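Q: This is what each chain is made of:
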Amino acid sequence: MVTTVDLGALRRDIAALSERNALEAHAPRTAFDFGDKSIDAMLSRGLQRGALHEVFSTKMNDAGAATGFVIALALRSAGANSPILWLEEDFAIREHGFPYAPGLENLGLDPERLIIVRCASPQDVLKAAADSLGIRGTGAVIIAPWSNPKCLDLTASRKLLLTAQQTDVPAFLLRLGATPADNSAVTRWLIRSAPSQSSGASAPGHPVFDATLIRNRQGMTGHWILQWESDEHVFRQIEPVSGTVVSTPAHRPPQTRKSATG
Amino acid sequence: MVDKVANALRLTATDERAAKTGLHKGMALTDARAQFEQLDIAFASPRKDAALLEKLADWCDRYTPLVAFDGNDGLMLDITGCVHLFGDEQSLRKDIHQRLSQHGMIVRSAIADNPPAARAFARHSPGGVIGQTERDAKLRSLRLVSLAIEEVHLAGLKRAGLRSVGDIEVLPRAALAARFGAGLVDSLDALFGSNSEPISPRRIIPVCMAERRMAEPLIVMESVELVLHALGDELFRQLQKRVEGAREIEASFFRVDGHVRRLNIQAGQPLTDTKTLFRLLKERLSNLADPLDAGYGFDLVRLAAVRTERTQVLQKSLDNNVQETGEIGSLIDRLSIRLGSGRVLRPKPVDTHIPERAVSLEPAAQVSPSSPLEWTPNHHPGEPPIRPIRLFQPPEHIETTAGIPDGAPAQFIWRSIRHYIVLAEGPERIAPEWWREHAGALTRDYYRLEDNQGHRFWVFREGLYERGTVTPRWYLHGLFA
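Protein chains in written order, with the working numbering: chain A, 8 to 269; chain B, 9 to 489.
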């Protein structure tokens, strides 16, 4: 008698089981929210603090928006005055400019909390990330390798996630110029710039993000236009400015979006 | 050895056989050739000599941390307090001679109770250990060359019929100084003096150190680690007594073949235990460009605390805050050692209006976490950001089309994508710092722009329209969120 065993399927089952165990084992996890009623109501449990969250911008011009969104999430999730580590690959800096402290201060991040680590390779970024996440005193870790490095695979992202869960330190993968691929991140956001509400005299206003939650392991996905209030450190959902068209993400059917926003 | 000195090829060094035949340093090569046709010559290489001396000095660190160069062909070792490790002065000197002759060197050395005397004995006598009681008598028998004085005075003294140091030591000082300069008297006093003139060591003298000499050289890395562990414990015990921690530790590995390898470990906060030191050391070892090679083995391993700092006795606070700060500090240290301290940075404000200079990124390991950096908010509450979050350095050139000649651009092309501007604010005029820039620096007019897709940019025009430059150029300097 011959029995065939689908090893792949078995492995997947085991992985799913252990994942569930892992998630339930440390049940009382802390979470963070956005500070805006409508979006917080949607993500009823908020976002898990000690976890890996991924923020994408696929277009070069949206690098500023994605960076700003990550800063905002870091500020929402990190404890007051705790240090924020920013690990960035040299190539990302060459391509998108370097994090500029006075601008970060404008967004509400006290530059004194910032520790910038410049890495020559994506491997260095990931190694430094693992070390930084392993320390409870860290407020948040922003991990910014450039594009789609080979070393950032399922195993590597899973390691980061587990470390973040153990220490309850939020980890944000800032993916500039990258294409979304499967990994262990708990949420995955696609960020684009959105027209701001002019602060008068045709001057550009507060940062506005076109944020699409394209993956959420713990709940719903959705699409929002969010404005960041630098002084209060809160997001505020706003109606798209009339006259501009907010396009539907190409990879997501419109009805999902409707169910999320509705 | 020959080299070009004063426009002629001259002998700069001779070997023993040549010296016996009367050839001497400073002689012109043609004169020497006239005496000996079959002269073997080699061109001198002061650079290689210096490198060799450097290596030798490194090697001599095994005897004392106080090693100084003596001219360009000698070394001065201050062995005060180091002798007991070898028994007595005789055996210390024997050890030096024995080890160096194994490397094929001929050594002349002397041990005396002040540096000038030791120098004179080593260079102008058979050398040896000269005790305090016999020193003066021996000094008097030295030839006049032993005095560090100018050539003309030396010739003058010889002409006066004076041959040895003893001959002039008895003469009245005032007369000597009047006739041959104060240098002679100074040099005499230095020779006979009892207060030792300080030597200037090549390396920083460690605050405290621990070392171990091995009878059998260590080849296996595991045993080297064991020794380091023991040394670390010893070093930190010493530091603990002083209520200090180490900010900089140097680990030296002396190889049997004379090669010395040093590893420097810097820490942002004082190190107080072996475990943390080892974490840093491992980090350092794992990314050495050329790994630590035991070769034929290390026969001396040393840990020295080069820079120390008073440790604060930390009280464990209820909210674990202190402990967490400590953890961040050790993380910064680890990353700084792995990636280089120039890669782990903290932004520091600089008082200037020029955007790219307004921040200086300082190595985080060197900034004490307790010192606040005085960031002053640069915009009014409630107002949108006025500075970008990503800055391009250098700024990137853009092609613009402006509605009015000296206004904000109506559209621009950056990285071959055209942006149509819907919102614009500016100009914010930033003048060059004339006291710093070269003469050609131009005033910049900055604009905050938003295109019809919602992208926000920070651009500037370099040069004022119809003033300063003929055609102002536009640059993109940063991206807003």
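Don't take every hint at face value.
In silico lysine to aspartate or glutamate, DMTMM-like type, Cα no more than 20 Å apart, as pairs [said to hold, decoys possible]:
#, chain 1, residue 1, chain 2, residue 2
1, A, Lys134, B, Asp48
2, B, Lys63, B, Asp48
3, B, Lys356, A, Glu236
4, A, Lys66, B, Glu404
5, A, Lys134, A, Asp175
6, B, Lys28, B, Asp48
7, B, Lys290, A, Asp138
8, B, Lys63, B, Asp103
9, A, Lys134, B, Glu335
10, B, Lys290, B, Asp265
11, B, Lys56, B, Asp96
12, B, Lys249, B, Asp281
13, B, Lys290, B, Asp359
14, B, Lys102, B, Asp86
15, B, Lys283, B, Glu224
16, B, Lys283, B, Glu335
17, B, Lys283, A, Asp138
18, A, Lys44, A, Asp175
In case anyone wonders, no lab produced these hints; they're calculated from the structure. Source: prediction; values computed, not measured.
Q: Work down the list of hints and note, for each, if the structure agrees.
A: Now for the hints, and whether the structure bears them out:
1. Lys134/A to Asp48/B: The hint is violated at about 60 Å.
2. Lys63/B to Asp48/B: violated (27 Å)
3. Lys356/B to Glu236/A: Judged against 20 Å, a Cα distance of about 25 Å means the pair is violated.
4. Lys66/A to Glu404/B: holds (18 Å)
5. Lys134/A to Asp175/A: holds (18 Å)
6. Lys28/B to Asp48/B: holds (15 Å)
7. Lys290/B to Asp138/A: holds (14 Å)
8. Lys63/B to Asp103/B: Holds, at roughly 18 Å.
9. Lys134/A to Glu335/B: Answer holds: lysine 134/A to glutamate 335/B is near 17 Å, not above 20 Å.
10. Lys290/B to Asp265/B: violated (25 Å)
11. Lys56/B to Asp96/B: Answer violated: lysine 56/B to aspartate 96/B is near 34 Å, above 20 Å.
12. Lys249/B to Asp281/B: Given that 20 Å is the threshold and the Cα spacing comes to 13 Å, the pair holds.
13. Lys290/B to Asp359/B: Roughly 40 Å separates the two Cα atoms, so the pair is violated.
14. Lys102/B to Asp86/B: Measuring from Cα to Cα gives roughly 16 Å; hence the hint holds.
15. Lys283/B to Glu224/B: violated (26 Å)
16. Lys283/B to Glu335/B: The hint holds at about 14 Å.
17. Lys283/B to Asp138/A: holds (17 Å)
18. Lys44/A to Asp175/A: violated (24 Å)
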